[in-house]
Amino acid sequence: MQHNKDGELKLFNQFGLFSLFITLTCNCLYAQSFADFKRVQVESFSKFRDKKDSEFNKYLQAQWKEYNAYISPPMYQKPKPKVVPALSQKTPQNVGPNLVINIKPSVVKALTSPVKKLKGYDATFTFFGIFLGFDFDKGMKNAKFYPRRQKGIINFFSVMAASDYDNLLYNIKVTCKHMNLNDWGIYLLVDKLSHTLFSTPDDAKLFSWFIFNKLGYRVKVALGADKHVVLLHEIKGKMYSTPNYTFDGKKFYVISEYNKSNIGDIYTYSQDYPDATKALDFELKTLPILEKNLQTKTVSFREYGKVYSASYRYNQNLIDFMNSYPQVDYKVFFNAPLEYETYKDIAGDIKQYTDNKKASEALNFVLRFVQKAFKYERDNAQFGREKVMFAQETLCYDKSDCEDRAVLYARLVKDLFGISVVGVKYKDHMSTALHVPMRGDSVKVSGQRYVLADPTYVNASLGQSIPKYKSIIPDSFVYVK
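Everything in the sequence shown is counted per the working numbering, starting at 71 for the first residue and increasing by one.
FYI, nobody ran anything at the bench for these hints, they're computed from the structure. Mixed in with the good hints, there may be bad ones.
[Stated by the list, open to error] Below, a list of computed lysine-lysine pairs in the DSBU-like style, where the Cα atoms sit at most 30 angstroms apart: (1) Lys484 to Lys308; (2) Lys128 to Lys117; (3) Lys457 to Lys376; (4) Lys551 to Lys247; (5) Lys495 to Lys445; (6) Lys308 to Lys457.
Construct the complete structure from the given sequences, taking the supplied hints into account.
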């Protein structure tokens, strides 16, 4: 019995010594790790490569202020109609000159891979079907959001500012130019790269912040009430259903929180990074050059007992890119072009039905196509949220609502016939109007008469609007370039 007690005592003593050894070792390792961390910070601070970074770092150390959030309202204050009425079919009078569709040649270059090594990149990922690889200064991996307060953000910035970031910035710029990315595409690329390099969301956001500032974009970071990093972008125009904060009259949006709950008050600085003056522009004047993943879709509709059909190709990678868009100004969606393969195919099919027809007949045919080839469905029922679709997207989905159809019809009228067209926005509905000398319901746009054409009002022809909107003045117009 005594032996067991002695044995237990010896074992206890050995275990106690072992525990003490582990504790001391861990403390030493922690001290060493913390010392290394502090050394990295000190070295980084003394090795800023850009004078602007040294000045900005000093500003970051000043007292941060609290800012209140504002949630931008949704696009529609009133819900869109659940069911849209249909008009009894009636043959309209055909008027105007004969129209002919001239299919435009392609001016878009095909994607050719730049000269790059095939492997050995520090960071690789697939971006809408394209394999991308980037090398980065190993010192960047030392950047950590620690401690979890203002000082941690300053520490992260100090390490990044001391790193050799020029080569990475150059490769990002070359890639974006090669892929013809607009600002939203650049945002998605930097976001994907950030989450590839850093496993924690806070570090990824801080990396994005640094890169965007270096690319000239006006971007800020802040601390939320939960001590997590908040990334703020100034954008050109409006972004709906998104938390935003105002600095010197400029709105900065938390893009990652689009259509989500309010994140509340934040703590941050007001001064911009030197020479970072660009606001994120969602405009899509030309399409990104993405890997081809061509799909084919066929749609049809019946008119006076005859079936009309159209088949067209589309790139699924482009649809995925467009699907990533948040709700921004309508002009972004109305003025984005169709992919050339889609345009060429659909123009060819419509051409056989409309060439040498009177203007009213040709325009009404395209109107019937949009009204009848796609089922009506509100966004919440189809997507679980409000979503405006580009014309390219509407052609690829079986269902769409009033604004999607308005975008599509406006795009087709502009591309096929070159006729001036506008989007017509009501509180709970979207239609279109054409600048043509025809009779019927109309609106005044910049002092000129535009004839209404409603792509949602089934069987309605040019000049026929839904009765409830006949006496309502539109909220606004969307000009189509």
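Hint-by-hint comparison with the structure:
1. Lys484 to Lys308: At roughly 25 angstroms apart (the allowed maximum being 30 angstroms), Lys308 and Lys484 satisfy the hint.
2. Lys128 to Lys117: holds, 14 angstroms
3. Lys457 to Lys376: violated, 33 angstroms
4. Lys551 to Lys247: holds, 24 angstroms
5. Lys495 to Lys445: holds, 21 angstroms
6. Lys308 to Lys457: holds, 15 angstroms
The structure shown violates just one earlier hint, number 3.
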